[in-house]
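Undergrad: The residues making up each chain are set out below.
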Amino acid sequence: QKEVEQNSGPLSVPEGAIASLNCTYSDRGSQSFFWYRQYSGKSPELIMSIYSNGDKEDGRFTAQLNKASQYVSLLIRDSQPSDSATYLCAVNRADDNNDMRFGAGTRLTVKP
Amino acid sequence: DVKVTQSSRYLVKRTGEKVFLECVQDMDHENMFWYRQDPGLGLRLIYFSYDVKMKEKGDIPEGYSVSREKKERFSLILESASTNQTSMYLCASRRQGQNIQYFGAGTRLSVL
Numbered sequence: 219q220k221e222v223e224q225n226s227g228p229l230s231v232p233e234g235a236i237a238s239l240n241c242t243y244s245d246r247g248s249q250s251f252f253w254y255r256q257y258s259g260k261s262p263e264l265i266m267s268i269y270s271n272g273d274k275e276d277g278r279f280t281a282q283l284n285k286a287s288q289y290v291s292l293l294i295r296d297s298q299p300s301d302s303a304t305y306l307c308a309v310n311r312a313d314d315n316n317d318m319r320f321g322a323g324t325r326l327t328v329k330p
Numbered sequence: 210d211v212k213v214t215q216s217s218r219y220l221v222k223r224t225g226e227k228v229f230l231e232c233v234q235d236m237d238h239e240n241m242f243w244y245r246q247d248p249g250l251g252l253r254l255i256y257f258s259y260d261v262k263m264k265e266k267g268d269i270p271e272g273y274s275v276s277r278e279k280k281e282r283f284s285l286i287l288e289s290a291s292t293n294q295t296s297m298y299l300c301a302s303r304r305q306g307q308n309i310q311y312f313g314a315g316t317r318l319s320v321l
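Going down the list, the sequences are from chains F and B.
Position one of the first sequence corresponds to residue 219 (my numbering), numbered consecutively onward.
Position one of the second sequence corresponds to residue 210 (my numbering), numbered consecutively onward.
Warning: the hint list may mix true and false statements.
Distance condition first, Cα-Cα at most 20 angstroms in a straight line; then the derived SDA-like pairs of lysine to any residue [stated by the list, open to error]:
id : chain 1 : residue 1 : chain 2 : residue 2
1  : B       : Lys-262   : B       : Asp-247
2  : F       : Lys-260   : B       : Arg-253
3  : F       : Lys-260   : B       : Lys-262
4  : F       : Lys-260   : B       : Gly-249
5  : F       : Lys-274   : B       : Ile-309
Pulled a few chain B residues facing chain F out of the computed Cβ check, cut under 7 angstroms [unchecked claim]:
id : residue
6  : Gly-225
7  : Gly-249
8  : Leu-250
9  : Leu-252
10 : Asn-308
11 : Ile-309
12 : Phe-312
13 : Gly-313
14 : Ala-314
15 : Gly-315
Hints were generated in silico from the structure; no laboratory data involved.
Ideal Cβ positions, reconstructed from N, Cα and C, are used throughout, including at glycine.
Given these sequences and hints, build the entire structure.
TA: Here you go:
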């Protein structure tokens, strides 16, 4: 079992729809969770971080964390073609601040 | 803005060559990281450095070494390049005690 699992996609949604990206992790001690966006041929850029159970909203993006289910998700409302990218889920283990684990990423395509 | 600069965007090398990948950050970050990114596998940590002259092995250090002689620069060395080291290499940096990593643009290395 991978430590951080994501559906590789591709996930395709029409413009204006809600895109839902999901991530599960295996280490119950994980405490910090991140979503990075990576455009094709570019480096990952941080878009959301979440540390406690519940929802965290930032503009059109909402991160959701459920530690009991070891599940973190990213919702993108009013999806735009410019949101088309690969989204990487990353998890930091509690006892090792230098040990960030990344999922393989979900490729999202938003169709006009 | 944090800037992490990788010296080359694309490199083509021959099997057996010694290869140097350079990374420079301008935010006085203590921690620096080298990852490789392969389709379906996500980002895998090769080496990281807590501070100058300090280094720790990541998940896949075999065939690689690193050098951190100055705080702003972290070099990845392929002692004898092999075809299975063809990959995208990403450098990242982070301030000590914080979780967020900032990535360079990446170097796509092809070993023929």
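Undergrad: For each hint, tell me whether it holds in the structure or not.
TA: Each hint tested on the structure:
1. Between Lys-262 of chain B and Asp-247 of chain B the CA atoms are separated by roughly 28 angstroms; this puts the pair beyond 20 angstroms, and the hint is violated.
2. At most 20 angstroms may separate the alpha-carbon atoms for a hinted pair to count; Lys-260 of chain F and Arg-253 of chain B meet this at roughly 17 angstroms.
3. Between the alpha carbons of Lys-260 of chain F and Lys-262 of chain B the distance comes to roughly 29 angstroms, so the proposed pair goes past 20 angstroms and is violated.
4. Between Lys-260 of chain F and Gly-249 of chain B, the direct Cα distance comes to roughly 17 angstroms. Compliance with the 20 angstroms bound is thereby established for this hinted pair.
5. The suggested pairing of Lys-274 of chain F with Ile-309 of chain B holds, with an alpha-carbon distance near 17 angstroms, which does not exceed 20 angstroms.
6. Given the 7 angstroms rule on beta carbons, the hint for Gly-225 of chain B is violated: about 28 angstroms separates it from the nearest Cβ of chain F.
7. Given the 7 angstroms rule on beta carbons, the hint for Gly-249 of chain B holds: about 6 angstroms separates it from the nearest Cβ of chain F.
8. With a least beta-carbon distance of about 6 angstroms to chain F, the hint placing Leu-250 of chain B at the interface is held under the 7 angstroms criterion.
9. Annotation: Leu-252 of chain B was flagged as interfacial toward chain F, and the flag holds, the nearest CB pair being 4 angstroms apart, inside 7 angstroms.
10. Of the supplied interface hints, the one on Asn-308 of chain B holds, with its beta-carbon coming within about 5 angstroms of a beta-carbon of chain F, less than 7 angstroms.
11. Taking 7 angstroms as the C-beta cut-off, the interface hint given for Ile-309 of chain B holds, the closest approach to chain F being about 6 angstroms.
12. Contact between Phe-312 of chain B and chain F, as hinted, is supported at the beta carbon level, the nearest pair being about 4 angstroms apart and thus within 7 angstroms.
13. Of the supplied interface hints, the one on Gly-313 of chain B holds, with its beta-carbon coming within about 6 angstroms of a beta-carbon of chain F, less than 7 angstroms.
14. The criterion of a C-beta within 7 angstroms of any C-beta in chain F is met by Ala-314 of chain B, whose closest approach is roughly 5 angstroms, and the hint holds.
15. Restraint check, Gly-315 of chain B versus chain F: the minimum CB separation of about 5 angstroms is within 7 angstroms; hint holds.
Checked against the numbered hints above, the structure breaks hints 1, 3, 6 and satisfies the rest.
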